[in-house]
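**Q** Sequence:
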Amino acid sequence: MIERAKTLTADNLTVLRGGRPVVEQLSATLEPGTITAICGPNGAGKSSLLLALAGLIEPVAGQVTLEAHAVHAMPPRERARRIGYLPQEGEVAWDVAVESLVRLGRLPHRDEGREAVEAALTGLDLQDLRHRPVSQLSGGEKARALLARVLAGEPEWILADEPLAALDLAHQQRLLAQLRSAADAGAGVALVLHDLSLAMNHADQVLVLREGQLAASGVPEQALSLQMLANVWGVKAFWLGEPGARALVVQSA
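1 is the number of the first residue of the sequence shown in my numbering; add one for each residue after it.
Derived by calculation from the structure, the hints in this document are not laboratory data.
Everything numeric in this text was worked out from a predicted model, so none of it was measured.
Mixed in with the good hints there might be a few duds.
[Claimed, not checked] Ranges between beta-carbon positions, derived for each pair: (1) 252 x 194: 33 to 43 Å; (2) 227 x 14: 41 to 51 Å; (3) 225 x 133: 40 to 50 Å; (4) 97 x 14: 16 to 26 Å; (5) 60 x 173: 20 to 30 Å; (6) 131 x 76: 49 to 59 Å; (7) 16 x 77: 21 to 31 Å; (8) 70 x 20: 19 to 29 Å; (9) 31 x 237: 45 to 55 Å; (10) 70 x 250: 35 to 45 Å; (11) 136 x 14: 34 to 44 Å; (12) 165 x 238: 21 to 31 Å; (13) 29 x 226: 39 to 49 Å.
Just so it is clear, CB atoms sit at the ideal spot from N, CA and C, and this is done for glycine as well.
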């Protein structure tokens with residue numbers, strides 16, 4: 001069972017990678033029970049921010065806290081139990097069966113968590129693939145298996161970097177439904193997304209980054225306004241459709 005998450009807070013955060021600042025003096029509050037989309041152009045610092053939120057990069061200034069504790073200083077097992085992180089390019093060290101891979105999500109808890117594993121397999125439509133070696137999966141199937149491993153751990157926070165990029169439309173919607181269910185159950189969810197229509201239609205909050213700094217934070221209609229799209233992405237665009245089913249149309253130059 002997912003425990004009710006605590007607020008995840010970045011306070012005046014600065015992160016260096018390769019000796020240069022990739023996140024600068026960024027402050028943001030991510031609330032449990034919600035889905036936060038992290039958006040921005042290439043090189044804006046989205047993945048670096050997610051790594052810092054997961055406690056996998058130590059900031060050079062500021063900090064990320066979960067329940068008043070600095071995330072990067074938490075014991076690794078406690079951090080892994082409370083925060084599930086999915087990188088953009090997930091790697092699997094051993095060619096294990098899908099079910100065995102998903103069961104690895106229970107390691108921080110030191111139990112089998114059979115119901116959680118089964119729920120993750122079912123939720124991501126992996127039942128028929130449970131005995132297939134990971135090496136024999138398509139890119140989309142592998143992406144679903146890696147996310148199922150995260151969900152099987154029932155973390156308080158789910159942090160995922162472009163989790164929808166390799167998925168077809170039906171599995172995108174299935175995954176988004178799973179993430180919404182996790183948020184409704186009390187977890188916090190933060191996703192790096194390039195598809196702004198997905199952010200507009202499925203996020204409760206959007207953080208827009210530009211050159212490592214926070215350009216906007218708020219509900220999707222505000223953070224992804226036409227003016228913000230012009231200022232940050234440098235495009236002229238407009239939104240079509242009703243709330244919850246909006247499509248972004250970018251005008252040709």
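**Q** Look at each hint and say if it fits the structure.
**A** Results of checking the hints against the structure:
{"no.": "1", "hint": "252 x 194: 33 to 43 Å", "verdict": "violated (20 Å)"}
{"no.": "2", "hint": "227 x 14: 41 to 51 Å", "verdict": "violated (27 Å)"}
{"no.": "3", "hint": "225 x 133: 40 to 50 Å", "verdict": "holds (47 Å)"}
{"no.": "4", "hint": "97 x 14: 16 to 26 Å", "verdict": "violated (42 Å)"}
{"no.": "5", "hint": "60 x 173: 20 to 30 Å", "verdict": "violated (40 Å)"}
{"no.": "6", "hint": "131 x 76: 49 to 59 Å", "verdict": "violated (31 Å)"}
{"no.": "7", "hint": "16 x 77: 21 to 31 Å", "verdict": "holds (27 Å)"}
{"no.": "8", "hint": "70 x 20: 19 to 29 Å", "verdict": "holds (23 Å)"}
{"no.": "9", "hint": "31 x 237: 45 to 55 Å", "verdict": "violated (28 Å)"}
{"no.": "10", "hint": "70 x 250: 35 to 45 Å", "verdict": "holds (40 Å)"}
{"no.": "11", "hint": "136 x 14: 34 to 44 Å", "verdict": "holds (43 Å)"}
{"no.": "12", "hint": "165 x 238: 21 to 31 Å", "verdict": "holds (24 Å)"}
{"no.": "13", "hint": "29 x 226: 39 to 49 Å", "verdict": "violated (26 Å)"}
The structure is inconsistent with the numbered hints 1, 2, 4, 5, 6, 9, 13, although it conforms to all the rest.
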